[in-house]
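Chains as they are written, first to last, in our numbering: chain R, 6 to 368; chain L, 6 to 368.
Everything labelled a hint here was simulated from the structure, so no lab data went into it. Check before you lean on any hint, since a few could be wrong.
In silico DSS-like pairs for lysine-lysine, Cα to Cα no more than 30 Å straight-line [said to hold, decoys possible]: (1) L:Lys106 x L:Lys87; (2) L:Lys238 x R:Lys265; (3) L:Lys265 x R:Lys234; (4) R:Lys238 x L:Lys265; (5) R:Lys234 x L:Lys238; (6) L:Lys106 x R:Lys238.
Number of protein chains: 2
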Amino acid sequence: MQGGYFVNIAVLGFGTVGKGVVEIVDGSESDCSIKTIFAREKYRNEIGDRLETNFDNILQDESIAIIVEVLGGETFAYDCIKRALNAHKHVVTANKNIISKHFIELTSLAKENHVALHYEASVGGGIPVIQTLIKSSATDQVYAISGVVNGTANYILTQMTQQGKTLEDALTEARESGFAEADATADLEGFDAARKLSILGTIAFKQPISYDDIQTRGINGVTPAIIEKVTSKGYHLKHAAVAKYVGNQMNLRCEPVLVKASHPFFHVENETNSISFQSTYNDTVTLIGLGAGSLPTASAIVSDIYLITRGQYYDAIVEPTVIDKISNIPTGEYFIVTEEEMVIKPASQVELDQSQFYASVVE
Amino acid sequence: MQGGYFVNIAVLGFGTVGKGVVEIVDGSESDCSIKTIFAREKYRNEIGDRLETNFDNILQDESIAIIVEVLGGETFAYDCIKRALNAHKHVVTANKNIISKHFIELTSLAKENHVALHYEASVGGGIPVIQTLIKSSATDQVYAISGVVNGTANYILTQMTQQGKTLEDALTEARESGFAEADATADLEGFDAARKLSILGTIAFKQPISYDDIQTRGINGVTPAIIEKVTSKGYHLKHAAVAKYVGNQMNLRCEPVLVKASHPFFHVENETNSISFQSTYNDTVTLIGLGAGSLPTASAIVSDIYLITRGQYYDAIVEPTVIDKISNIPTGEYFIVTEEEMVIKPASQVELDQSQFYASVVE
Numbered sequence: 006m007q008g009g010y011f012v013n014i015a016v017l018g019f020g021t022v023g024k025g026v027v028e029i030v031d032g033s034e035s036d037c038s039i040k041t042i043f044a045r046e047k048y049r050n051e052i053g054d055r056l057e058t059n060f061d062n063i064l065q066d067e068s069i070a071i072i073v074e075v076l077g078g079e080t081f082a083y084d085c086i087k088r089a090l091n092a093h094k095h096v097v098t099a100n101k102n103i104i105s106k107h108f109i110e111l112t113s114l115a116k117e118n119h120v121a122l123h124y125e126a127s128v129g130g131g132i133p134v135i136q137t138l139i140k141s142s143a144t145d146q147v148y149a150i151s152g153v154v155n156g157t158a159n160y161i162l163t164q165m166t167q168q169g170k171t172l173e174d175a176l177t178e179a180r181e182s183g184f185a186e187a188d189a190t191a192d193l194e195g196f197d198a199a200r201k202l203s204i205l206g207t208i209a210f211k212q213p214i215s216y217d218d219i220q221t222r223g224i225n226g227v228t229p230a231i232i233e234k235v236t237s238k239g240y241h242l243k244h245a246a247v248a249k250y251v252g253n254q255m256n257l258r259c260e261p262v263l264v265k266a267s268h269p270f271f272h273v274e275n276e277t278n279s280i281s282f283q284s285t286y287n288d289t290v291t292l293i294g295l296g297a298g299s300l301p302t303a304s305a306i307v308s309d310i311y312l313i314t315r316g317q318y319y320d321a322i323v324e325p326t327v328i329d330k331i332s333n334i335p336t337g338e339y340f341i342v343t344e345e346e347m348v349i350k351p352a353s354q355v356e357l358d359q360s361q362f363y364a365s366v367v368e
Numbered sequence: 006m007q008g009g010y011f012v013n014i015a016v017l018g019f020g021t022v023g024k025g026v027v028e029i030v031d032g033s034e035s036d037c038s039i040k041t042i043f044a045r046e047k048y049r050n051e052i053g054d055r056l057e058t059n060f061d062n063i064l065q066d067e068s069i070a071i072i073v074e075v076l077g078g079e080t081f082a083y084d085c086i087k088r089a090l091n092a093h094k095h096v097v098t099a100n101k102n103i104i105s106k107h108f109i110e111l112t113s114l115a116k117e118n119h120v121a122l123h124y125e126a127s128v129g130g131g132i133p134v135i136q137t138l139i140k141s142s143a144t145d146q147v148y149a150i151s152g153v154v155n156g157t158a159n160y161i162l163t164q165m166t167q168q169g170k171t172l173e174d175a176l177t178e179a180r181e182s183g184f185a186e187a188d189a190t191a192d193l194e195g196f197d198a199a200r201k202l203s204i205l206g207t208i209a210f211k212q213p214i215s216y217d218d219i220q221t222r223g224i225n226g227v228t229p230a231i232i233e234k235v236t237s238k239g240y241h242l243k244h245a246a247v248a249k250y251v252g253n254q255m256n257l258r259c260e261p262v263l264v265k266a267s268h269p270f271f272h273v274e275n276e277t278n279s280i281s282f283q284s285t286y287n288d289t290v291t292l293i294g295l296g297a298g299s300l301p302t303a304s305a306i307v308s309d310i311y312l313i314t315r316g317q318y319y320d321a322i323v324e325p326t327v328i329d330k331i332s333n334i335p336t337g338e339y340f341i342v343t344e345e346e347m348v349i350k351p352a353s354q355v356e357l358d359q360s361q362f363y364a365s366v367v368e
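Let's have the full structure, built from the sequences with the hints guiding it.
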């Protein structure tokens with residue numbers, strides 16, 4: 006990272022992603038340097054002199070221009086981000102929950118304080134989807150987004166499809182590989198994907214898309230027999246986040262979907278993520294890459310730092326309130342899949358029987 | 006396009022792409038305005054008062070900050086770009102030939118004059134590959150790029166694969182659809198792809214990759230029988246531009262390749278383009294989108310203008326001379342394909358028989 010101005014950085018948190026950020030920045034010929042790492046005392050051996058256990062000291066250190074928030078959790082991290090912005094420090098965060106919940110408040114706060122708030126790592130790991138979408142929504146009209154954005158769910162579905170595993174076994178494996186958390190509820194029930202869609206949708210549609218506005222169903226209930234049935238018909242089962250305009254109303258859904266072999270998501274496997282968006286001038290643009298992992302996520306953070314050192318702050322233009330109507334009535338066709346059969350139904354009938362497993366057909 | 010500072014733009018050229026730029030900028034609530042369109046007198050009815058037939062008047066107009074060069078051709082366009090940069094005007098161009106041939110000279114000239122030289126539209130139409138690659142090569146180490154970057158060749162191969170057409174018939178169709186030029190030599194023989202690879206490689210590997218350094222073979226000689234043979238073995242035939250490090254030497258090739266169904270290029274059809282790159286921290290990132298057409302290409306130009314109005318100039322860091330050795334010895338495996346059989350050979354043997362059709366196997 007060369008050519009910008011020199012900055013000191015404080016990293017809050019020394020988990021997987023925090024360690025990745027330190028590894029990349031320390032290892033590069035760079036205009037920036039990690040001066041301080043905020044973590045618990047028990048990490049002193051590993052961190053050495055850069056350890057700081059008191060956040061106030063970081064806020065008061067005028068030589069620190071950028072704060073990287075990779076603490077995880079919500080309450081304390083949210084507080085840190087707000088205090089950092091108010092102290093006129095740039096903030097780079099990977100925290101999808103905070104960005105999703107407080108988008109308008111925090112981006113406004115950054116603007117008032119003339120600092121950057123960057124969050125590329127909050128969606129899609131190392132895929133530069135946020136930066137791309139901000140530019141596209143500024144210069145084009147984006148009217149639909151769809152994404153495979155939860156690595157754990159996609160890993161599970163891939164393993165079930167390719168290896169015939171059960172959901173439980175695939176989840177255990179994902180945990181052992183280190184990219185599923187102990188509590189995988191948000192991954193399995195689709196809430197993690199909904200958080201990410203709310204961020205993408207907010208940028209793309211230029212109005213706050215709340216997590217609560219998204220119709221969300223997860224992958225719980227998927228059995229090897231269902232996967233076998235789907236595969237035998239030439240489909241792959243994916244979990245997708247979709248935000249699109251149907252007429253002039255927004256349709257916001259995170260749910261199981263079926264894709265054919267010609268669909269870009271068909272071969273998006275394991276922890277790989279993919280995001281497609283449609284716009285007036287460009288038809289469809291698709292991005293594919295690693296959606297999780299220490300270094301991909303850390304590299305998204307480093308890319309955000311790079312932009313700050315060049316004075317290139319995010320400039321998503323988002324109205325403070327929702328301007329278009331949200332109507333989450335299902336559209337298109339759904340497959341109701343049981344272990345015995347796979348029945349196609351028009352979308353208007355799918356809410357009738359919540360006891361069955363059903364998946365939208367994505368073209 | 007909102008939020009930047011207001012600029013006047015001159016568009017040089019009123020062909021397909023020039024018209025697209027005017028359409029998008031005129032139609033948007035925008036911080037910028039097209040003041041002047043440089044074209045021949047015969048376009049006066051269509052262009053009206055904005056027509057300017059004398060380039061000197063544009064150079065001397067101090068209210069014009071950005072010049073969009075979409076003239077096509079080389080000599081005159083190159084002269085215009087140089088004079089514009091020397092007159093301290095920002096330049097946005099779609100001209101892959103000029104950027105490929107004069108990368109170091111023109112980017113240096115822009116830097117000396119403290120103006121931007123942007124060229125997103127030179128590769129991949131509306132896919133934001135240049136902007137993405139500049140960032141990735143600044144913050145990560147990119148060690149391989151591969152791309153389906155010639156829409157005409159890909160259209161022809163897709164039509165031959167899906168409809169059983171001959172190369173000649175598919176080419177005629179591409180011309181009728183308006184995206185193959187009358188002289189399609191550069192498309193069929195791979196030179197167009199090589200120009201684009203030289204630009205991508207220069208940015209990614211941070212040293213000038215000359216078009217002449219790329220081992221280039223086109224799609225001439227592909228017959229329906231060859232396509233049938235390839236398809237029957239589960240492959241798709243594509244034309245790909247590949248630049249990668251093999252050890253510490255650069256391997257630069259534009260040639261026919263075979264991809265399996267799980268490869269991201271397998272379903273990249275017709276005028277769609279795709280570029281993948283591998284880097285140290287991110288493994289593979291793939292971008293897919295429309296690689297040609299008036300509005301996609303124009304939207305890449307508008308995206309470049311958007312960055313300029315925000316002071317976000319391209320900052321690819323490229324050494325003025327080649328630093329790594331180039332060795333274009335083929336690697337991996339090749340298929341020699343005749344109408345009767347498909348024989349796999351190690352790469353070391355493929356130069357032996359130039360009379361046969363052969364394609365590299367891309368994993």
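Can the restraint linking L:Lys106 and L:Lys87 be considered satisfied, given a maximum Cα separation of 30 Å? Roughly 13 Å between the alpha carbons, so the hint for L:Lys106 and L:Lys87 holds.
Proposed proximity, L:Lys238 with R:Lys234 (alpha carbon, max 30 Å): holds (26 Å)
Straight-line Cα separation of L:Lys265 and R:Lys234 no greater than 30 Å? holds (24 Å)
Quick one, are R:Lys238 and L:Lys265 close enough, alpha carbons at most 30 Å? holds (20 Å)
Starting from L:Lys106, check that the Cα of R:Lys238 is at most 30 Å away, please. Cα-Cα ~50 Å, so violated.
Take a quick look at whether L:Lys238 and R:Lys265 sit within 30 Å of each other, Cα to Cα. Status holds; Cα separation ~20 Å.
When the structure is compared with the earlier hints, a violation turns up for hint 6 alone.
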